[in-house]
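Just so you know, full-length UniProt numbering puts 58 at position 58 of the sequence shown, and the rest follows in order with no gaps.
To be clear, the hints were calculated from the coordinates, so they are not data collected in a lab. It is possible that some hints are incorrect.
Computed cross-link-like contacts, BS3-like style, restricted to lysine-lysine with a CA-CA straight-line distance of at most 27 Å [as the list claims (entries may be wrong)]:
no., residue 1, residue 2
1, K107, K179
2, K91, K107
3, K118, K152
4, K107, K68
5, K77, K159
6, K178, K77
7, K123, K91
8, K123, K90
9, K77, K91
10, K178, K123
11, K107, K90
12, K178, K107
13, K69, K152
14, K123, K107
15, K159, K107
16, K123, K68
17, K77, K152
18, K69, K118
19, K178, K152
20, K90, K118
21, K179, K159
22, K118, K159
23, K152, K179
24, K107, K118
25, K77, K90
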Amino acid sequence: MQEMLTNLATYGYLILFFYSLGGGMIALIAAGILSGGGSMNIWLSILIAFGANFLGDSALFYLTRFNKKEILPYLRKQRRNLALSQVLFKKYGSIIILFKKYIYGFKTLVPMAIALTKFSFMKFSILNFISSAIWAISVGLASFYAGNLIIKFYENNPKWLLPLFLIILILAIYFYFKKATKKQN
């Protein structure tokens with residue numbers, strides 16, 4: 001166990017960086033929990049996730065803006081999600097740059113959808129910088145403090161209680177999404 005924690009402390013920041021280029025929510029949550037346990041530094045984790053997330057979204061925007069012909073064939077399967085991203089951008093404007101960081105599946109498509117419009121790269125970069133900072137701090141600190149609570153709960157209660165709670169939570173989420181995505185007749 002100690003060897004695994006040492007490896008996570010050694011390679012965790014590198015994993016966090018590469019994972020945060022394309023999304024990074026799960027990696028940042030894991031880094032926050034590990035930071036709560038003392039295996040990683042929370043502020044370094046937040047800084048790495050912020051930088052990688054900012055670079056990843058900026059690269060997606062830039063590559064899409066200047067390589068439309070090469071990128072559009074890869075987006076054929078994502079036409080509906082790309083169209084939805086453009087509709088959300090038109091409806092909510094620049095604020096979608098912040099909120100898309102929390103919505104799984106749209107994180108990579110929104111910068112591409114915005115790049116297909118005439119939206120300024122400089123304006124996108126400024127909003128992306130602010131949004132990446134808010135995202136990294138909020139997710140990092142929330143997972144850090146939640147990780148501390150989970151560790152304390154696990155240490156002070158029967159060992160079977162936390163896995164039971166997690167199983168119930170996962171089942172509840174599964175059945176909620178199954179019901180929410182069920183087609184109406």
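Now the hints, each set against the structure:
1. K107 - K179: Within the cut-off at roughly 24 Å; holds.
2. K91 - K107: holds (17 Å)
3. K118 - K152: Given pair K118, K152 is violated - Cα atoms ~50 Å apart, limit 27 Å.
4. K107 - K68: holds (19 Å)
5. K77 - K159: With Cα atoms ~45 Å apart, K77 and K159 exceed 27 Å; violated.
6. K178 - K77: holds (23 Å)
7. K123 - K91: holds (18 Å)
8. K123 - K90: Holds, at about 16 Å.
9. K77 - K91: With Cα atoms ~23 Å apart, K77 and K91 stay inside 27 Å; holds.
10. K178 - K123: Distance of about 39 Å is beyond 27 Å: violated.
11. K107 - K90: holds (16 Å)
12. K178 - K107: holds (23 Å)
13. K69 - K152: Roughly 53 Å between the alpha carbons, so the hint for K69 and K152 is violated.
14. K123 - K107: holds (18 Å)
15. K159 - K107: violated (36 Å)
16. K123 - K68: holds (20 Å)
17. K77 - K152: violated (45 Å)
18. K69 - K118: holds (16 Å)
19. K178 - K152: violated (33 Å)
20. K90 - K118: With Cα atoms ~12 Å apart, K90 and K118 stay inside 27 Å; holds.
21. K179 - K159: violated (32 Å)
22. K118 - K159: violated (55 Å)
23. K152 - K179: violated (34 Å)
24. K107 - K118: Holds - the C-alpha atoms of K118 and K107 are around 20 Å apart, at most 27 Å.
25. K77 - K90: holds (22 Å)
The structure does not agree with the numbered hints 3, 5, 10, 13, 15, 17, 19, 21, 22, 23 stated previously, though it agrees with the rest.
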